[in-house]
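Protein chains: 2
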Amino acid sequence: MYNEKLLREATALFPEIKKNKINECKCIDLKKDGDVIKRDPRPAYESIALKKDDSIILDFEDHYVGYLSLDLGYEGAHPDSPVLLRIRFAEREIELFEDASEYKGWVSPAWIEEEIIHVDIVPSVVKLDRRYSFRYVRIEVVDISSRFSLRVNDASLTAVSSAPDEALLPYYSSNELDREIDRVAVKTLHDCMQTVFEDGPKRDRRLWIGDLRIQALVNYVTYNMNDMVKSNLYLFGALTQEDGRVGACIFLDPKPEVDDTNMFDYSLFFIVILRDYYKRTGDKKAVLDLFDVCKRQIQLASNSLDERHVVRDSDVLGWCFVDWNLALNKQASAQGIFMYALEAAIELAQCVGDVLAEEEYAQLYLKLKEASNRFLYDVEKKLYVSGAESQISFASQIWMVLGGAMEGKAAERLFDRMEACPEAVTMVTPYMYHNYIDALIKIGKKDVAHRKMSKYWGGMVANSADTFWELYNPEKPNESPYGGTIVNSYCHAWSCGPAYFLRTYFNDTKDES
Amino acid sequence: MYNEKLLREATALFPEIKKNKINECKCIDLKKDGDVIKRDPRPAYESIALKKDDSIILDFEDHYVGYLSLDLGYEGAHPDSPVLLRIRFAEREIELFEDASEYKGWVSPAWIEEEIIHVDIVPSVVKLDRRYSFRYVRIEVVDISSRFSLRVNDASLTAVSSAPDEALLPYYSSNELDREIDRVAVKTLHDCMQTVFEDGPKRDRRLWIGDLRIQALVNYVTYNMNDMVKSNLYLFGALTQEDGRVGACIFLDPKPEVDDTNMFDYSLFFIVILRDYYKRTGDKKAVLDLFDVCKRQIQLASNSLDERHVVRDSDVLGWCFVDWNLALNKQASAQGIFMYALEAAIELAQCVGDVLAEEEYAQLYLKLKEASNRFLYDVEKKLYVSGAESQISFASQIWMVLGGAMEGKAAERLFDRMEACPEAVTMVTPYMYHNYIDALIKIGKKDVAHRKMSKYWGGMVANSADTFWELYNPEKPNESPYGGTIVNSYCHAWSCGPAYFLRTYFNDTKDES
Chain A
1438 MYNEKLLREA
1448 TALFPEIKKN
1458 KINECKCIDL
1468 KKDGDVIKRD
1478 PRPAYESIAL
1488 KKDDSIILDF
1498 EDHYVGYLSL
1508 DLGYEGAHPD
1518 SPVLLRIRFA
1528 EREIELFEDA
1538 SEYKGWVSPA
1548 WIEEEIIHVD
1558 IVPSVVKLDR
1568 RYSFRYVRIE
1578 VVDISSRFSL
1588 RVNDASLTAV
1598 SSAPDEALLP
1608 YYSSNELDRE
1618 IDRVAVKTLH
1628 DCMQTVFEDG
1638 PKRDRRLWIG
1648 DLRIQALVNY
1658 VTYNMNDMVK
1668 SNLYLFGALT
1678 QEDGRVGACI
1688 FLDPKPEVDD
1698 TNMFDYSLFF
1708 IVILRDYYKR
1718 TGDKKAVLDL
1728 FDVCKRQIQL
1738 ASNSLDERHV
1748 VRDSDVLGWC
1758 FVDWNLALNK
1768 QASAQGIFMY
1778 ALEAAIELAQ
1788 CVGDVLAEEE
1798 YAQLYLKLKE
1808 ASNRFLYDVE
1818 KKLYVSGAES
1828 QISFASQIWM
1838 VLGGAMEGKA
1848 AERLFDRMEA
1858 CPEAVTMVTP
1868 YMYHNYIDAL
1878 IKIGKKDVAH
1888 RKMSKYWGGM
1898 VANSADTFWE
1908 LYNPEKPNES
1918 PYGGTIVNSY
1928 CHAWSCGPAY
1938 FLRTYFNDTK
1948 DES
Chain B
1438 MYNEKLLREA
1448 TALFPEIKKN
1458 KINECKCIDL
1468 KKDGDVIKRD
1478 PRPAYESIAL
1488 KKDDSIILDF
1498 EDHYVGYLSL
1508 DLGYEGAHPD
1518 SPVLLRIRFA
1528 EREIELFEDA
1538 SEYKGWVSPA
1548 WIEEEIIHVD
1558 IVPSVVKLDR
1568 RYSFRYVRIE
1578 VVDISSRFSL
1588 RVNDASLTAV
1598 SSAPDEALLP
1608 YYSSNELDRE
1618 IDRVAVKTLH
1628 DCMQTVFEDG
1638 PKRDRRLWIG
1648 DLRIQALVNY
1658 VTYNMNDMVK
1668 SNLYLFGALT
1678 QEDGRVGACI
1688 FLDPKPEVDD
1698 TNMFDYSLFF
1708 IVILRDYYKR
1718 TGDKKAVLDL
1728 FDVCKRQIQL
1738 ASNSLDERHV
1748 VRDSDVLGWC
1758 FVDWNLALNK
1768 QASAQGIFMY
1778 ALEAAIELAQ
1788 CVGDVLAEEE
1798 YAQLYLKLKE
1808 ASNRFLYDVE
1818 KKLYVSGAES
1828 QISFASQIWM
1838 VLGGAMEGKA
1848 AERLFDRMEA
1858 CPEAVTMVTP
1868 YMYHNYIDAL
1878 IKIGKKDVAH
1888 RKMSKYWGGM
1898 VANSADTFWE
1908 LYNPEKPNES
1918 PYGGTIVNSY
1928 CHAWSCGPAY
1938 FLRTYFNDTK
1948 DES
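For the protein sequence lines, the chains are A and B, in the order given. Mapped onto the numbering used here, the consecutive letters of the first sequence carry residue numbers 1438 to 1950. Mapped onto the numbering used here, the consecutive letters of the second sequence carry residue numbers 1438 to 1950.
Careful: at least some of the hints might be erroneous.
All copies of an identical chain are treated as equivalent in the list; a pair is satisfied when it fits inside any one copy or across any two copies.
Below 25 Å or equal to it, Euclidean Cα-Cα: the simulated PhoX-like pairs (lysine-lysine) are [stated by the list, open to error]:
| hint | residue 1 | residue 2 |
| --- | --- | --- |
| 1 | 1488 | 1692 |
| 2 | 1541 | 1488 |
| 3 | 1489 | 1541 |
Source of the hints: derived by calculation from the structure; they are not laboratory data.
Please construct the entire structure, taking both the sequences and the accompanying hints into account.
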């Protein structure tokens, strides 16, 4: 399905990409001893004459998304052959210790940020035309004629983002770690803000709805680029799949197009993002424009209900995302997310004055809630269960609480039992962790939420994160489910939520007021 | 030394580069069985969906110098990762059977015509911005997401050359092989004609004086781009080395500059090229502009004479080129080449009316001639000898004859003894072979010259040469002194001489007239 009018509105709101030239970088040496990376300074790169097999590592001292430019010179005889360079970009130091040619993981190695380029003319300014996400750059002379040496006279990067630095709202806190987590979270959002809210500027580089929900929330308390949220909502609304389903992600190039992937939870989050957007902006016209899309998502999700009003489980891989965990059964989470989306849909129906829809959704919500507690709740274990094997997981409890199946003290006790349940499937991604923090705050456990957040995201900070990561396992910070850190996305939108939590719930000014 | 005025004249005469779009190419399959390459047709490339590790070989059915453009599409799901391509260009099929990553030869592997590129957006038109010299292109999908396949919808090349196709003089011959050799020789010149007369468009890509001498001769009987010869002479004249010596080659980028290499013979050939140019064009002003440069070359060469008027031998690698053969002693050849250049210098002195110089050179010539026959001629073996070890070589006899140390019937008998001398060091390059043909014609052995030329250059034609090669050993056509055919230059200017010989001496029309 393709709505030309909505698409025009979406693209008309595409933000300007701001450029920021970064000239400062340090030349460093890195050595790895077991798990420890040792860093030593090197002389200024301009002073180093590079022969075959020589290399330099440049550290731009923060994470950036942008374009690299190298001003190359030489010493010795006039260059009499091209220079062959291998240029590797890395978000974290650890990536530089992996050999791209040996990468055998399942993520496409085409994502590895490495180029092998010929430089035909030296001296010259080489501007790499691809965009990279990085802090470190290693420049290796794979080959050069023996008659001359290469010099990097100047290395600079043009960082790009649509985030308006001057408009960033301040954050007040006497807690240093909170300030640090906020700073890294905001930088994460900043670097993911390009033409759209990208999931990660290194890998995928696309508008995914799961990331957008969190990015939009952080945006409202930081850069306030609300038109960008609107643009992205209109993109999803304009480019639905054949049956009118909101797709999981949108490609921008060569022209905006929806992916053929869809996920039960992601389609429903469209409604939630629109509700959040409306609450922040009061933009009723947007709700009027997009409410039909929301209604269709409810309809499609309803088709997945069995006669008991329970979301039918599925063994289709990725039918519902929830968390990056194939062992996690998604049924109960899907039920909770449907309720969570229905609450948003009711608010939107009220907004547009669609009384029939409001009434229908309210009744459906009650049926889902009743079914949740009747069919997905294990009265003995006193925990929500999911799937044919009655799996217990953090995700199921969290989404049932966020969806309102259980509330107040009962929900608090539910969480206590969940934490004490050794068999409960735990969380894998910062994305799922975000929902956990959200649920803890919802049930009034603000202190626990803060402590958990400080520990989890603070762990990345302690591991020198400049931006928050797509995946973080506190036990194994350098773990990669893809078979190599070189394809891990270390600046990933779904991890930027702490700035939203901190600025909304853990703000000194607010506490004092 | 830097002569701004001459340089301005040189660059003002740079030719226009003509573009020619080539859309036709065949998709082929190549297999190698021992030394034999088996070629099979494949379906049209547009019909082939490429997954990871798939490749296609395109045959543009002639040698070209130019730029490749690929119109890429896909089938399957929307591309969700970049595509990583390895693109290899080859002048001959054999090159495609070598692995670039395993090349360990002494020529810089940066010359290997292979790119590894990321294509971020599909569909898109990918225009590679480097210039390549090739007939074959292999496109290999190193990596692609499993969700889609790549299609090459269109492959085209924009061939470039400054040769004016419409101005090519016709060549008449009833001899089919002569016509074929002429065609390939002209194509060789054509593809080497760019902003300057390049030695080879694949490797070096520079203006070398040794190649220029032969290119200019062929040019006069084919494209008549005489201003281009003039431009190149002015470049060498404008950009001499510190002592006023004409360098062996000129770099054009980023700005015209002389190489620090010089060779005894190459510096002297400047005079010969100017004389040839003057004889063809009558451009006396050019001779007036450049005669001082010629005089300086004679002066510098004279400094290399010992008190007997014999060119001092040297053990400096490459002090005098003559042939690509380190085992060849160059002394006697250098002596012959000095005489050869003196003859040209005398003609130029006459042209500009420099009577003193004319007289001086005439006397010097006689002294050199006398010294040649007194000190470099072995009266027992009746052959010219070179160096402390009195080495006998084809090169020494050839250059003594071309320099006029021996003439007429005596020279004819000298060549008979040379051919019959088993210890005589033979020739390695088509470049030296060119001088051999030239000398045979000079001594009146036109038929032998024709037979030798037909056999040697015809051997390349029999080996499917589209253009003539830098190196050709009839015993081992695929030999590479560089450790890999992938760095052999298979379109090399110094091999284009047959078109000059054929059109000057073996032209039916001329014979009949």
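Check your understanding: Is it within, between, both or neither when you check residue 1488 against residue 1692 at 25 Å Cα-Cα?
Key -> Result: close only across copies, 23 Å inter versus 43 Å intra.
Review point. 25 Å Cα cut-off: does residue 1489 pair with residue 1541 within a copy, between copies, both or neither?
Key: Result: close only across copies, 13 Å inter versus 27 Å intra.
**Study point:** Within, between, both or neither: residue 1541, residue 1488 at alpha-carbon 25 Å
**Key:** Only across copies: residue 1541 and residue 1488 sit 16 Å apart there, 30 Å inside one copy, limit 25 Å.
In the structure shown, no violation is registered for any of the earlier numbered hints.
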